[in-house]
Structure formats: structure tokens, C-alpha cells
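So in the UniProt record's numbering, spot 130 of the sequence shown is number 130, and the numbers just go up one at a time.
Since the hints were made in silico from the structure, they are not lab data.
Be aware that one or more of the hints could be misleading.
Stated by the list, open to error - Dumping the calculated BS3-like pairs for lysine-lysine here, alpha-carbon to alpha-carbon at most 27 Å:
1) K119 with K140
2) K135 with K111
3) K119 with K135
4) K159 with K149
5) K164 with K181
6) K119 with K42
7) K58 with K37
8) K81 with K97
9) K140 with K37
10) K103 with K119
11) K103 with K126
12) K103 with K27
13) K42 with K102
14) K103 with K42
15) K149 with K37
16) K103 with K81
17) K27 with K135
18) K102 with K81
19) K135 with K146
20) K27 with K58
21) K159 with K181
22) K84 with K103
23) K111 with K51
24) K51 with K135
25) K74 with K84
26) K118 with K51
27) K146 with K42
28) K27 with K146
29) K101 with K74
30) K74 with K103
31) K231 with K218
32) K149 with K27
Stated by the list, open to error - Derived CB-CB ranges, DEER-like:
33) K42 with E142: 17 to 23 Å
34) A46 with Q163: 50 to 56 Å
35) E91 with D45: 33 to 39 Å
36) K119 with D38: 25 to 31 Å
37) L145 with E69: 56 to 62 Å
Beta carbons are placed, not taken as given, at the ideal position from N, Cα and C, and that holds for glycine.
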Amino acid sequence: MNILKRLFRIGNAETHAAIDKLEDPIKMTEQGIREMKDQLSKSIDALAQVKALAIRRKNEQTALENQAEEYQSKAIILVQKGMKEEMPTEEADRLAKEALKKKELSLADSKIAEADRKKLESDVEKMQTNINTLKSNIAKWESELKTLKARVQVSQATKDINQKMSQLSNDSTISMLEKMKEKVLQQEAVADAYGEIANASKSIDEEINQAADTSNTKAETALAALKEQLKNS
1 MNILKRLFRI GNAETHAAID KLEDPIKMTE QGIREMKDQL SKSIDALAQV KALAIRRKNE
61 QTALENQAEE YQSKAIILVQ KGMKEEMPTE EADRLAKEAL KKKELSLADS KIAEADRKKL
121 ESDVEKMQTN INTLKSNIAK WESELKTLKA RVQVSQATKD INQKMSQLSN DSTISMLEKM
181 KEKVLQQEAV ADAYGEIANA SKSIDEEINQ AADTSNTKAE TALAALKEQL KNS
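Model the full assembly from the supplied sequences, consistent with the hints where possible.
Right, dumping it as C-alpha cells:
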């Protein structure tokens, strides 16, 4: 079908985005599916019209066949009336002949109607086959479109990941780690410096009090006195 041959054509005004100088396959597929659905709708309308014509010709065929039988019956009646002298024989024969002529014309027309009906019914079958094929192709392309979109998403994600990974070579990774280590050491050194500053910031009074603390001497004197007392007791 022409619609299938056009599915991946180049140069459609609605699909300007290009990959390697070709149209975006996703947009092309979507456009092709839209065209196929439009063709399907037109085909269904045409099928309905042809079916209607086939039904009409069938009804006309039946009517003409019935009409031929009626003329046959009338011719018989006319001949019988002439034989029974219910009417002039010559007149009866004349009318009977005319009825038989009408019968033959009706039969001829019914044959034409029958041929038309058969042709239309054959067309209906062919059109129905094409419509079924078109429906199947639409379902197939819609399914493949979903798969194509999923593959594009996966390939794009993979491309992004690989691109980022390629930007992080071994040398650059080691360099980043060394910089991080250097930063940590620097932060530790700053912390130690702040600690030393805190210790060095004691007031002169604290230093004097620490140097003049006699609590240990008093304790030693008391201990010696206690021992002497125990010896004398």
C-alpha cells in the first residue's frame, strides 16, 4: 500500500528534526500512523457506501424477478381469458405478448442487477480485507512506536551516563581525591591551631593562682602529723 511506502519518507514539513540528515524516526512513525488512521477512516466510509449499493442492487434484483413472475402470471391469465372467450382472443393474445415482453425485460434487468450485486459484493470483500490489513498494520506500528520510544529513552540515558563517566578519567579521579585529602588535612590543622590559641589565652591571674596553689603542701604536712600521732599513741 502507498501509505506504508510513505511511512519513512524524507522531507515532510511536520518533521524537520533530523538525525544524521534523516527525519526523526519517532516523528516519522507518528506521522505515518496518523496517515494510516486517516486512510482507515476513509476506507470504512467507502466500504459502507459500497455495501449500501450492494444491498440496493440485491433488492432491485429481487423486485425485478418478482415483477417478471407477475408478468408471467398475467400473460397466463390473459391467454386463459381468450380461450374462455371472456375477452376477444386477438386482444388477449396481444396483451399476453406484451406481458411476456415485459417479463423478458424484467428478467434481463434482474440479470444486470445480479451481476452488479455480485461485483459490489466482491468489492466489499476486497475492501474489508484491505481494512483488516490496515487495522493490523496500525496496531503493529503503534506497538513498535512504543518500543522505539522506550529504546530511545534507554539509549539517551545510557549515552548521558557514559558521557559523564568518560569525563571522569582515572587521573582526574585521583586528582580529586588528593585535593579532598589536602582539604581535610588543612581543616585538621586549622582545628589544632584554634586549640592552641584557646590554651594560650589563659589570663595572667590563672597562671598566678596555679603557681601559688599550696593545697598539696598542706596535705603532705597533715599526713606527716597524722603518722607521728599514730606512732606516739
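We went through each hint and held it up to the structure:
no. : hint                      : verdict
1   : K119 with K140            : violated (32 Å)
2   : K135 with K111            : violated (36 Å)
3   : K119 with K135            : holds (24 Å)
4   : K159 with K149            : holds (15 Å)
5   : K164 with K181            : holds (23 Å)
6   : K119 with K42             : holds (21 Å)
7   : K58 with K37              : violated (31 Å)
8   : K81 with K97              : holds (14 Å)
9   : K140 with K37             : holds (13 Å)
10  : K103 with K119            : holds (24 Å)
11  : K103 with K126            : violated (34 Å)
12  : K103 with K27             : violated (63 Å)
13  : K42 with K102             : violated (42 Å)
14  : K103 with K42             : violated (41 Å)
15  : K149 with K37             : holds (20 Å)
16  : K103 with K81             : holds (19 Å)
17  : K27 with K135             : holds (20 Å)
18  : K102 with K81             : holds (19 Å)
19  : K135 with K146            : holds (17 Å)
20  : K27 with K58              : violated (46 Å)
21  : K159 with K181            : violated (31 Å)
22  : K84 with K103             : holds (23 Å)
23  : K111 with K51             : holds (19 Å)
24  : K51 with K135             : holds (19 Å)
25  : K74 with K84              : holds (15 Å)
26  : K118 with K51             : holds (11 Å)
27  : K146 with K42             : holds (25 Å)
28  : K27 with K146             : holds (12 Å)
29  : K101 with K74             : holds (12 Å)
30  : K74 with K103             : holds (10 Å)
31  : K231 with K218            : holds (20 Å)
32  : K149 with K27             : holds (10 Å)
33  : K42 with E142: 17 to 23 Å : holds (19 Å)
34  : A46 with Q163: 50 to 56 Å : holds (52 Å)
35  : E91 with D45: 33 to 39 Å  : violated (55 Å)
36  : K119 with D38: 25 to 31 Å : holds (27 Å)
37  : L145 with E69: 56 to 62 Å : holds (59 Å)
Comparing the model with each earlier hint shows violations of hints 1, 2, 7, 11, 12, 13, 14, 20, 21 and 35; every other hint is respected.
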